[in-house]
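Respectively, the protein sequence lines represent chains U and B.
All residue numbers for the first sequence refer to our numbering, where the first residue is 1 and numbers rise by one.
All residue numbers for the second sequence refer to our numbering, where the first residue is 1001 and numbers rise by one.
Since the hints were made in silico from the structure, they are not lab data.
What you are looking at is a predicted structure, and each value in this text was computed from that prediction instead of being measured.
Among the clues, some could well be false.
[To be verified] Not the full set, but computed from the structure, chain B residues with beta-carbon under 8 angstroms of chain U:
{"#": "1", "residue": "I1024"}
{"#": "2", "residue": "R1078"}
{"#": "3", "residue": "T1178"}
{"#": "4", "residue": "E1236"}
{"#": "5", "residue": "D1238"}
{"#": "6", "residue": "Y1240"}
{"#": "7", "residue": "D1388"}
{"#": "8", "residue": "A1444"}
{"#": "9", "residue": "D1448"}
Ideal placement from N, C-alpha and C gives every residue a C-beta, glycine not left out.
2 protein chains.
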Amino acid sequence: MVNKSKKTLQIQKTYEALFALEDIREIFRQSLPVGFDEKQKEQFSSTIARIKGIISDLENGEGKPACNRVGKLDPRTREEEFINIHPIQAAGRLTPEARKAIISYGDGYSTCDYCRKPFRLDKITRPPIEEFHQDLAKFLNMDQARVVPGARRGFQAVTQSLVEKGDSVIVSSLAHYTEFLAVEVAGGVVREVPLNERNVVTADATAQKIEDVKSETGRLPKLIMIDHFDYQFANEHDVYGIGKVAKDYGIPFLYNGAYTVGVMPVDGGKIGADFIVGSGHKSMASVAPSGVLATTDEWAPKLFRTTQMVGDLTGRKFGVKEVENMGCTLMGATLLSMIASFPRIKERTANWEEEVKKSNYFLNQFLRIQGSKVLSEWPRRHTLSKVDTTGSFDVVAKTHKRRGFFFSDELKDRGIIGEFAGATRTWKLNTYGQSWEQIKYTAASFLDIASKYKLRIN
Amino acid sequence: MVNKSKKTLQIQKTYEALFALEDIREIFRQSLPVGFDEKQKEQFSSTIARIKGIISDLENGEGKPACNRVGKLDPRTREEEFINIHPIQAAGRLTPEARKAIISYGDGYSTCDYCRKPFRLDKITRPPIEEFHQDLAKFLNMDQARVVPGARRGFQAVTQSLVEKGDSVIVSSLAHYTEFLAVEVAGGVVREVPLNERNVVTADATAQKIEDVKSETGRLPKLIMIDHFDYQFANEHDVYGIGKVAKDYGIPFLYNGAYTVGVMPVDGGKIGADFIVGSGHKSMASVAPSGVLATTDEWAPKLFRTTQMVGDLTGRKFGVKEVENMGCTLMGATLLSMIASFPRIKERTANWEEEVKKSNYFLNQFLRIQGSKVLSEWPRRHTLSKVDTTGSFDVVAKTHKRRGFFFSDELKDRGIIGEFAGATRTWKLNTYGQSWEQIKYTAASFLDIASKYKLRIN
């Protein structure tokens, strides 16, 4: 068991100090350019005095606990207090740079201070948003990129540009629900490629499905949309082979990089992708909802087509606004957090193999607990994995008065959080971003819990 | 001229302290649950020491200037250093509560810690997101509400649900470009209602336009979409009358509240709106992109229809996910900022008349500068206004070596920012959220500039 009381208090004091500094900031916001009035001077002095006390408490781990509630919102401190193994949160956790950026750029339209003709987000040069868009395209080895409010809105922009009523779209049998929705909203129909015996989508199976659709409907599918790593097992699917199949059939290929863009190198050219979609809040250490949609110069005119609508009375036209993006997309802290995290994103994708090593290290330890299984492909090529503890922790749960929650309790007592509370059969976890020290600690904690409940460790 | 050096330094020190506390926070994030290692202890001590120095500098307005750059991003301090009259930024500026919420909930999927069946954002009870959705609907006197990534995505959800290829949609001759795009993306055609001599859309003109469309196309328009206050003049359009016309013709009515929801009371029932759309980053003190889409129980099944798509191979269905919202919408700081600002939003809408008074006070002073005009309806019913200074400040600009930028320079020297830099003919400003002291200061500054350049003041 971890004695966390001092640390917990210090984390509370950190938030208390951050919040008190926001109170200071608000005094500036309410003041006149010529300076504070008497009341503001008093507020400033008393808040500074309060901050000094908080910093002293923070330093020494003393003082009374801070509440830090904001209205009905409890402060969220799980990233500070715990090691978080939540399957979808790990790589969306903000970098310190992103946290600083949103402190600075939280306000509504904060990207728009220097918006000039042609009045479009991706053309703004201060802050360097235009440059960031070019960097993003280069990062993915694509020609053009836009930011979008989540990967799902990237899928939607593509399907609505390419798919008409009744058209078929090839997806994986492990496709994410947002891909289903993107096809549905465009009026299309999903056609799933079967998995092989290792739960992987292959190029051959994709080609076969295309043939099936062709013979059934008389027409080729309009789009192939495949996840490089799926959300269920995070197995690697053969996007390189599928890229070739797509080219052979002349069908555009959307590479779903929700679990890759921002954590591992993604080379759109090498993949042969016509579209790449990534998620800011899932894998790019950004505020939600955010994401990236990249394409080639060949497809850009269609995907990023600009408005043709003309006011019947006024003759108004809004020339450069892109229809599928609905004009500007991420006009504030969402985009600024992406930009601020980007240098570190580039660094960390280069270290992907090390992340995979840590994932395998953890699971190798986990597998020592008799009865535990990894349902994802093995060895792991990703940090997200699906495990099965029906033969280990679930055996304990069966007779424990807290049922499956015993496991959550034990993890929490050791400072680990993010498992699906109460689940002890099949569940998912993500080791992304943990240091070696944290990974070893996490693995040891699992073994420790197993050992406490007399599960055999091999 | 304002001597801002001490204040500027103090603002820099405030940011420096906030950023240093984020560095503290990062040490916690990198540490083990059992506590800091030696290196982390050192980092903690040295960062605490640094913070103490910063707080002391902040208190006394001393010390060397702080850079506070985050990578390529300059810190944005215009809300602290200046009175900001930017037309679209005023009501999207975050409340202190929202700023605290995003410090706490900045990380990617930070809303999803306690996501349980049926796995949909608006059903999450911790934080109280479900309750917030109910509050939002009540606040607008509608039956149901969802959050969306910007008002534009609300328009889009409605048009894509109701409008088919070639269908007509009634919009204002002052419709925002995002309304054009929403109609275009759904395959519809905009049909603009003419303005009357006061640049206002009336119920009669709307009815006439419906008749015109009917006689030209043989069919009624599928939707009426009208801004309560438009983005150009912020004139008030007769949404109550238009609501009745819509009912008479049996055409659904989308009330565009981008400039109202969050600043003034909006009663969907009284208006007779079938859909209400509002903007989080424009008028609800929230992080972009965010917004609200509300409707009646009558329209909800169509607008918020859930997915019907079935995997052809796996038989997978994703039952409760809403097609037009693409499942979950604002999974992080965007939504949490809305929730945190909401209590203050409710308060401030009740004080709308006072905001309008301040707007009129300012413009009455502004009009004392000979040659200045207000192009928006008069007296003002909104805080956003379009003015014409061709006969006043532009006369000065004509012979000034800085041209129109002289005016920006003079405003900036007085601690005012947010005008369209260099524009001295027709331009827009927004007085929203300024205290009476700030409004009086702003008005006096305009008169002071006029007087400096020998413009006549009446």
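Hints, verified against the model:
A least Cβ separation of about 5 angstroms between I1024(B) and chain U falls short of the 8 angstroms threshold, and the interface hint therefore holds. Because the smallest distance between the Cβ of R1078(B) and any Cβ of chain U comes to about 7 angstroms, under 8 angstroms, the interface hint for this residue holds. Interface hint at T1178(B): satisfied, since its Cβ lies 6 angstroms from the closest Cβ of chain U, which is below the 8 angstroms cut-off. Evaluation of the E1236(B) hint against chain U yields a violated restraint, the C-beta minimum of about 20 angstroms exceeding 8 angstroms.
Using the Cβ-Cβ criterion of 8 angstroms, the hint placing D1238(B) at the interface with chain U is not satisfied: the shortest such distance is roughly 18 angstroms. Hint status for Y1240(B): violated, given a least beta-carbon distance of 23 angstroms to chain U, over 8 angstroms. With a cut of 8 angstroms, the hint placing D1388(B) at the interface with chain U is violated, because the nearest CB-to-CB distance is about 20 angstroms. With its C-beta approaching chain U no nearer than about 10 angstroms, A1444(B) sits outside the 8 angstroms limit, and its interface hint is violated.
The interface hint given for D1448(B) is broken, as the beta carbon of that residue sits about 12 angstroms from the closest beta carbon of chain U, more than 8 angstroms.
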